[in-house]
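Line by line, the protein sequences are chains A and B.
Heads up, the first sequence is in the numbering used here, so the first residue is 1 and it goes up one at a time.
Heads up, the second sequence is in the numbering used here, so the first residue is 1 and it goes up one at a time.
It is worth saying that the hints were derived from the structure and are not from the lab.
Wrong hints could be hidden among the right ones.
[Unchecked claim] One side of the interface only, derived from the structure: several residues of chain B facing chain A at Cβ under 8 Å: (1) Ser63; (2) Asp66; (3) Ser122; (4) Gly174.
[What the hints assert, rightly or not] Stretch by stretch, here's where chain B covers chain A in the computed footprint (C-beta under 8 Å, at least three residues): (5) 68-77; (6) 96-105.
A virtual CB, placed ideally from N, CA and C, is assigned to each residue, including glycine.
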Amino acid sequence: MPLDLTGLSKTYAKDGSGFRLFPLDLTIEKGEFFCLLGPSGCGKTTVLRLIGGFETPTSGTITLNQENITHLPPNKRNLHTVFQRYALFPHLSIFENVAFSLRLKKVAKAEIEERVVQALRLVQIEDLRDRRTDQISGGQSQRVALARALVDRPEVLLLDEPLSALDPELRIKMREELKALCKKVGLTFVMVTHDQEEALQLSDRMAVMRDGQCLQVGTPKAIYEDPIDPFVARFIGQVNEITGDLIGDGPETYALQSALGTFKIKKNGHPLSKSINLILRPEKMRLLRQRSQLQENLIEGSICDLTYLGSRTEYSVKVKDKTFKVFEQELERLKKRKLNVGDNIYLTWRTEDAILLNHPNS
Amino acid sequence: MDLKRGVSMRRSNPLVATIFFIVLLFLYAPLGYLILQTFLNNPNDLQSGFTLNWIIKLFHSPSVWDPLITSLEIGILSASLALIVGTLGAVGLVDFAAFLPAAVQSLIMLPILLPEVITGLSLLLFFLLLKVELGFTTVVIAHASFSASFVYFIMLEQLKKLDPQMAEAAEDLGATSNQIFWRVTMPNIIPGMMGGWLLAFTLSFDDFLISFFTSGAGLTTLPLKIYSLMRIGITPELNGLSFLMICISTFLVLVLVSKEQSRKWVLKG
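Could you put the whole structure together from the sequences, leaning on the hints where they help?
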């Protein structure tokens, strides 16, 4: 039973100036962990507030389980929001915070006790039940907010940058817990975040947004490995870009002519324009000491910086006026090869690892 | 609290400390002299020795007790009325306050800024127009009408401090707007309401001019009593009464401060 957004749009100013959310079509499956990812001001929070009922859409519909909820007020929608700053009720104990929605529904006392304890146990804060909201830490407040939203078993949980207020160590721990929680309770989670790592780790599927538009929807793997837009490629992970023109036409490969040389590229099914962005992930590139006849794509350059990170080394390689990022894993066979700053090397990659995108201006 | 921090931070500077004590002296010397007089055998002779006679006498004179009780009654009723009016006004206007033109906002402040003589006179004329008999009720209404704007501003600040997401969270969890008010907004502004009530009570208890205009013949509040005694001449009884008022006002200030203090202690756990 999915959550369906059809042609959902929002314009704030009557004359269309200022921020606007362009019509959005999105289907979020039951039990799915779905992330809305994008830089600030991209409209991701607007989408969440539209689903939550805190904003009225300019056009379009929202359906939950085939029921049109577009014009229902927030208190009539069977979904709850975990707010960015948690918005706990300071006059109530932790127990009463969690019990809030059940008390409104006039649930029997014994059942409230049972369900609140169950919800507190789910987020591992049973022992905090009698504390006040100002006697608990940020991470604990986060758990209370989760328990409060989960206790009356909504269909969908909306999370507005829930981890952004936590310190980095705790944020990473809570990521794992959130993911586990989603699978455990079997609810649909829709989370807004600007942290691409968070989105990659948590999402079953995600949507990347920019300037009020949804650019791409897909699994983290699909979005990372097959971005449809240079912005998406740059936003998710690091990239090296080579801009050039498409030349030649072999049965399976083209060639790309650029200021750095001519490179082989592979047809990927997408229609390509004349002007092309060749995008290379730093971990898909290799460094060679010597020119090799076996390699198809080679660029000569020199190492201008390197950072040893244990599991990998990050190199910056200067090629003419461009700097390439290359991440190499510390493999046994590379141990003997000592690379230092200033060394002349060759950059290479496998033709099928390159991502081809039409240049945005073409 | 800010003042305290400021003083302790600059404690090392003797000049600032000296100025601070001169200011204190400037503010409190006249009050101190009045209190001192209350305990002198002959109020106008500093050498005449100390006594509690005047205070004891005060407690046995019914002409003092009646105005005191009247003042307390008026204070309690008008503060309660002002609290209701001011709070309702603030709750109703808080979402719009930011959009209200500055002119409208200053209109709400007018009763605070106007000279009390004008406020008193306008209330008197208004009561005469409505043909209301001057007395207890008119004083209560008059006091409430000017202290309501103080309560309004206290409550507006209190409401602005509330996290707007809190009301959204309540609505999200199924609360209707009525339930949001009673279950979330109200409990969180009670400290402000207590402060507002105490302030309104203090304003009413201390007020002379507005009571003077709207009390009519038979009614005497404590400040009115002091004024009428003074027309006869400065008597020890007058000193005693003033001392009594100082005590009550100080007590109210202490209650206000300790309420703030205890709230902080509770917050600290």
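Against the structure, the hints:
no.: 1; hint: Ser63; in the structure: 47 Å, violated
no.: 2; hint: Asp66; in the structure: 42 Å, violated
no.: 3; hint: Ser122; in the structure: 40 Å, violated
no.: 4; hint: Gly174; in the structure: 5 Å, holds
no.: 5; hint: 68-77; in the structure: holds (count 3)
no.: 6; hint: 96-105; in the structure: holds (count 4)
Hints 1, 2 and 3, counting from the list given before, are not met by this structure.
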